[in-house]
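K.L.:
The whole structure should be built from the sequences, with the hints applied where relevant.
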Amino acid sequence: MTTAETPSAGLRLHSDDDSLLVVEDLKTHFELPAGMVKAVDGVSFTLARGRTLGVVGESGSGKTVLARTIMNLNLGGNVHTSGSALFEGRELIGLKPKQMQDVWGLEVAMVFQDPMTSLNPVVKVGRQVTEHIRKHLGVSKTEAQETAIQLLRSVRIPEAEARFNNFPHELSGGMRQRVSIAIALACGPKLLMADEPTTALDVTVQHQILNLLSQQRKERNMAMVLVTHDLGVVAGRTDEIAVMYAGRIVEKAPTKVLFGDVRHPYTEALLRSIPKTSQRNHTRLAAIAGRPPDLINPPKGCKFSPRCPYAQPKCREEEPPLQEAWGGDHQFSCWFPVGSDENKDAWERNLAAGLAQTVAVATGSVMDETLSATHSADELAQHHADLDLHISGTTADDPIIDDPNTHDGADG
Amino acid sequence: MAGSGKAHLRDRGTTTIRVEDLVVEFPAGRGRKVHAVSGISIDLAEGETLGLVGESGCGKSTTAKAMIQLPPPTAGSVEFNGVDLTRLSGEELRQIRTDLQIIFQDPISSLNPRRKIGDVVAEPLRVWGPHDGQEQERRVDAMLEAVGIDPEVARGKHAHEFSGGQCQRISIARALVLEPQVIICDEPVSALDVSVQAQILNLLEDLKEAYQLTLVFIAHDLAVVKNISDRVAVMYLGKMCEVSEANDLYERPAHPYTRLLVESSPVPDPNIEIDDTHEVSSELPSPIDPPSGCRFRTRCELATELCERVEPLMRKVGEDHYVACHFPLLPVIEDDDPATIRPQAQDLEPGDGGESQTKEGNPT
Chain A
1 MTTAETPSAG
11 LRLHSDDDSL
21 LVVEDLKTHF
31 ELPAGMVKAV
41 DGVSFTLARG
51 RTLGVVGESG
61 SGKTVLARTI
71 MNLNLGGNVH
81 TSGSALFEGR
91 ELIGLKPKQM
101 QDVWGLEVAM
111 VFQDPMTSLN
121 PVVKVGRQVT
131 EHIRKHLGVS
141 KTEAQETAIQ
151 LLRSVRIPEA
161 EARFNNFPHE
171 LSGGMRQRVS
181 IAIALACGPK
191 LLMADEPTTA
201 LDVTVQHQIL
211 NLLSQQRKER
221 NMAMVLVTHD
231 LGVVAGRTDE
241 IAVMYAGRIV
251 EKAPTKVLFG
261 DVRHPYTEAL
271 LRSIPKTSQR
281 NHTRLAAIAG
291 RPPDLINPPK
301 GCKFSPRCPY
311 AQPKCREEEP
321 PLQEAWGGDH
331 QFSCWFPVGS
341 DENKDAWERN
351 LAAGLAQTVA
361 VATGSVMDET
371 LSATHSADEL
381 AQHHADLDLH
391 ISGTTADDPI
401 IDDPNTHDGA
411 DG
Chain B
1001 MAGSGKAHLR
1011 DRGTTTIRVE
1021 DLVVEFPAGR
1031 GRKVHAVSGI
1041 SIDLAEGETL
1051 GLVGESGCGK
1061 STTAKAMIQL
1071 PPPTAGSVEF
1081 NGVDLTRLSG
1091 EELRQIRTDL
1101 QIIFQDPISS
1111 LNPRRKIGDV
1121 VAEPLRVWGP
1131 HDGQEQERRV
1141 DAMLEAVGID
1151 PEVARGKHAH
1161 EFSGGQCQRI
1171 SIARALVLEP
1181 QVIICDEPVS
1191 ALDVSVQAQI
1201 LNLLEDLKEA
1211 YQLTLVFIAH
1221 DLAVVKNISD
1231 RVAVMYLGKM
1241 CEVSEANDLY
1251 ERPAHPYTRL
1261 LVESSPVPDP
1271 NIEIDDTHEV
1281 SSELPSPIDP
1291 PSGCRFRTRC
1301 ELATELCERV
1311 EPLMRKVGED
1321 HYVACHFPLL
1331 PVIEDDDPAT
1341 IRPQAQDLEP
1351 GDGGESQTKE
1361 GNPT
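Sequence order for the protein chains is A and B. If you use my numbering, the first sequence corresponds to residues 1 to 412, in order. If you use my numbering, the second sequence corresponds to residues 1001 to 1364, in order.
Where hints are given, some of them may not hold.
[To be verified] Have a look at the derived ranges for each label pair, beta carbon to beta carbon:
#, chain 1, residue 1, chain 2, residue 2, range
1, B, Ser-1089, A, Pro-33, 47 to 55 Å
2, A, Thr-117, B, Pro-1113, 19 to 27 Å
3, B, Glu-1273, A, Asp-329, 18 to 26 Å
4, A, Gly-188, B, Glu-1319, 52 to 60 Å
5, B, Thr-1098, A, His-282, 23 to 31 Å
6, B, His-1158, A, Gly-188, 47 to 55 Å
7, A, Val-122, B, Asn-1112, 33 to 41 Å
8, A, Val-79, B, Thr-1098, 46 to 54 Å
[To be verified] Heads up, simulated DMTMM-like pairs for lysine to aspartate or glutamate below, C-alpha to C-alpha not over 25 Å straight-line:
#, chain 1, residue 1, chain 2, residue 2
9, A, Lys-276, B, Asp-1320
10, B, Lys-1157, A, Asp-294
11, A, Lys-276, B, Glu-1263
12, B, Lys-1065, B, Glu-1245
13, A, Lys-276, B, Glu-1319
14, A, Lys-276, B, Asp-1269
15, B, Lys-1316, B, Glu-1305
16, A, Lys-256, B, Glu-1263
17, A, Lys-276, B, Glu-1273
18, A, Lys-276, B, Glu-1205
19, A, Lys-300, B, Glu-1161
20, A, Lys-276, B, Asp-1248
21, A, Lys-276, B, Asp-1186
22, B, Lys-1116, A, Asp-294
23, A, Lys-218, B, Asp-1269
24, A, Lys-276, B, Glu-1245
25, B, Lys-1033, A, Glu-170
26, A, Lys-218, B, Glu-1273
27, A, Lys-124, B, Glu-1283
28, A, Lys-276, B, Asp-1206
29, A, Lys-256, B, Asp-1269
30, B, Lys-1006, B, Glu-1305
Read the hints as simulated data drawn from the structure, not as lab findings. For every residue, glycine included, the Cβ atom is placed at its ideal position computed from N, Cα and C.
P.N.:
Written out as structure tokens, the structure is:
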């Protein structure tokens, strides 16, 4: 396999034939009175045809702005975009809305989070679907209508003919999202950007919509970027996952590799902090101390360092580059990656020094977002035994991702 | 369930809150009614956390709010320490409500943006006393500290100067400052990021311990509800489906709807294969004109003509595990004598489950 190292991030590039979207050092900054918000700050990735990339992060991590930047949807005089996004070799960054009209819908389509606001409330859903088809494919009104009804059927809308004449408010949230998916699929795009497509929906409906997206993706051999904050959503539905923090990709790997061999402390913390149905009730959650960073004045060095239990002086000074793990497709940006000897040393050093965020992870104490732990000295002493346990679990060849089988002794 | 019945209620002496046959209806114009809650019975033991789950529109928030008479239910009774809240006069209710507090979903809009945090948290004390200013300040500071907010910094600030997670901590402090017995948590973590969500869940667990609170916890995230709850009640379209000890509910769901919820909820494990060909459920029917019999029957794979005709009642399927379904996924335990209750369904001798055991349980 041929690999090309890019100077900026050491990313592995796929050969030109199978890569559909190549994003290189993409930056989107918003100029505000308070300062420059670095919403996306140097993101690079390659997406191959027919593949699914999950983009995961908390609010403010830049995942939505990334999707909107690739779609060229950030309008306004205060937006500063740089870098490149090549779609089938064509540069998307810098295209005017008029030029984007050949791309939107035909090549790249987008599904938004809230189907109520992404559909026009005063236009019947049928017309919203056919508008697209008629403009781009140049077919007659009746032909467009037939195609639209077929599309509505393919996204499993019951009584598609009747629904054709409904307004968005007459449909449920799940139905509305199906309509917006039908609109996105109408002209057979090669890439679908789905920005939190199920966040506003109930779990049962979410399950259906995600199933629908993956069926349609397979049928049409379409690539997909699935943006979400929910690791559960991406776990079973993506080929690759990119974890974003403060405008950058901090870890990227094939889905199973990421979950099985996590290297970045943020990904590790994220996975541990979510409650899982496989755990017993009242399982103490490993909360992440602190809060997401201020994007106007981000912390110096690694942006996760103020919250990271393994943070060392180096982390607060130098920002780690996105480097390749020995395993191949796995990239992460950390000086002391999880599972390494350096990481273990860093943990023990911080624990000995009583660093608030490290102690909080070790004891499971409730942390204020301003990083002052509210634990008492007694609690510390009480949890000392747990600490030793924790350290022994953090060995180099033993990734400490939560495994329900080993962590829930009471389960059996 | 999509049914009624009170088999799951415990003895009166052991419960702090006991809700019976709760009905909440809202007018929907042209003489129609929204049947938001239709005959819910549930109880809470002291120091227990009851989780309420269900899809949006199933009436979980309405049920919890009706418990504190916000608004009073259309019918039914809510007993709090033996006092029926629905029969109290305005003033009596006002007095008793100091023991029943609520935390709302959106932490930022539930705090008055024009008031200082110190005043927001002190407000309940200004109404109920102690009226000594210094004592009030001491209590406010202690409470802010307990929820992990530095009182020195926070007292003079306004809500917009805090993040969502911090605002939720402040709301919790306000709810706790009168030292209530019961706190209703109406989706308290739904608006928060996952990393902050874990902080708040841990905090609630700690405070529950420290102040011996009884909690009603509403959320649509099944994993969150399991994590914090002792007992979980699954609701569907204003009816109760299943009530169970938390772990048992997720390990062995007895109601087809619970199974659907558990199977639909995303699991952060890439090794679990997702069956994306299986289309089960359609849409939630309208609460204005709910289906007859079992309300879940329109989406249920096991539904028969019986489900259309007869509303199922709560029946026992395990130790503290009750389901309202004609064809539960676990065998029904007819005898209420604790000696005969076996934890495993397959242990049951033929006949033990009784005649009504129509479908073989298949714990998965």
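K.L.:
Starting from the hint list further up, note which numbers the structure goes against and sort them upward.
P.N.:
Per hint list: zero violations.
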